[in-house]
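S.K.: Sequence:
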Amino acid sequence: MVVQGTAGDDLLVGTNKADIIEGLDGKDRIFGKAGDDILYGNDGNDRLDGGPGKDILYGGAGNDLLLGGSGMDTLVGGIGNDRYWVDSGDTVVEGAGEGIDIVYASGSFTLSDNVEQLNILKAGTGTGNGLDNLLNGSTGADNLYGLDGNDTIRGGDGNDLLDGGAGTDTLRGGAGLDILIGGTGRDFFVFYADESSANHALADVIEDFS
Numbered sequence: 025m026v027v028q029g030t031a032g033d034d035l036l037v038g039t040n041k042a043d044i045i046e047g048l049d050g051k052d053r054i055f056g057k058a059g060d061d062i063l064y065g066n067d068g069n070d071r072l073d074g075g076p077g078k079d080i081l082y083g084g085a086g087n088d089l090l091l092g093g094s095g096m097d098t099l100v101g102g103i104g105n106d107r108y109w110v111d112s113g114d115t116v117v118e119g120a121g122e123g124i125d126i127v128y129a130s131g132s133f134t135l136s137d138n139v140e141q142l143n144i145l146k147a148g149t150g151t152g153n154g155l156d157n158l159l160n161g162s163t164g165a166d167n168l169y170g171l172d173g174n175d176t177i178r179g180g181d182g183n184d185l186l187d188g189g190a191g192t193d194t195l196r197g198g199a200g201l202d203i204l205i206g207g208t209g210r211d212f213f214v215f216y217a218d219e220s221s222a223n224h225a226l227a228d229v230i231e232d233f234s
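First residue of the sequence shown? That's 25 in my numbering, and the numbers climb one at a time after it.
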């Protein structure tokens, strides 16, 4: 089914088959439901929810929220500060200079080019890119890798591994027994009194100070 909105704020809902839904202007809410859908937000701060299926979501201009749902989805934010809710099988596409973008991943995820921030919601592996990334771990045991760039990596709760990679990185293990690896560059390791332990056996491990 093909559905097209108006220049106003629309609520557009697809079917359980393959739909093409276009929001046009306005602050639109678009739900694909089941099926392999193609959703277009176009201008405005839109919410696009693919639902089950192998969906393609185009946010367009504006600060958009894109939710892939279950299935191997492709999410294209466009211009604006976009937020992506993804699982490990999804692909995020952003152009250079199109805004500050944030990914919320339900499992392991690697940032594609031109995406700045990654939040791991369940224990898994999070990997940055060549930008100055902000990587946040979950309450579980995470492995977080900054790669290039001057990254800020925060493990959160759990026994985490934080690896800054190249660049001047800031690493904060948080609660748990963490391993912090600065990598190349002048790195900073951040600790707080309520996260430290009087028992050396229960303290974090710093692999290098390079």
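It is possible that some hints are incorrect.
Calculated pairs, DSS-like style, for lysine-lysine (alpha carbon to alpha carbon, straight line, at most 30 Å) [said to hold, decoys possible]:
1. LYS41 <-> LYS78
2. LYS57 <-> LYS78
3. LYS78 <-> LYS51
4. LYS146 <-> LYS57
5. LYS51 <-> LYS41
6. LYS146 <-> LYS78
7. LYS41 <-> LYS57
Hints in this document: simulated from the structure, not taken from any laboratory.
S.K.: Would you mind marking each hint as holding or not holding in the structure?
M.R.: Hint-by-hint comparison with the structure:
no. : hint             : verdict
1   : LYS41 <-> LYS78  : 11 Å, holds
2   : LYS57 <-> LYS78  : 11 Å, holds
3   : LYS78 <-> LYS51  : 24 Å, holds
4   : LYS146 <-> LYS57 : 24 Å, holds
5   : LYS51 <-> LYS41  : 25 Å, holds
6   : LYS146 <-> LYS78 : 22 Å, holds
7   : LYS41 <-> LYS57  : 8 Å, holds
Going down the numbered hints, you'll see the structure goes against none, and every one checks out.
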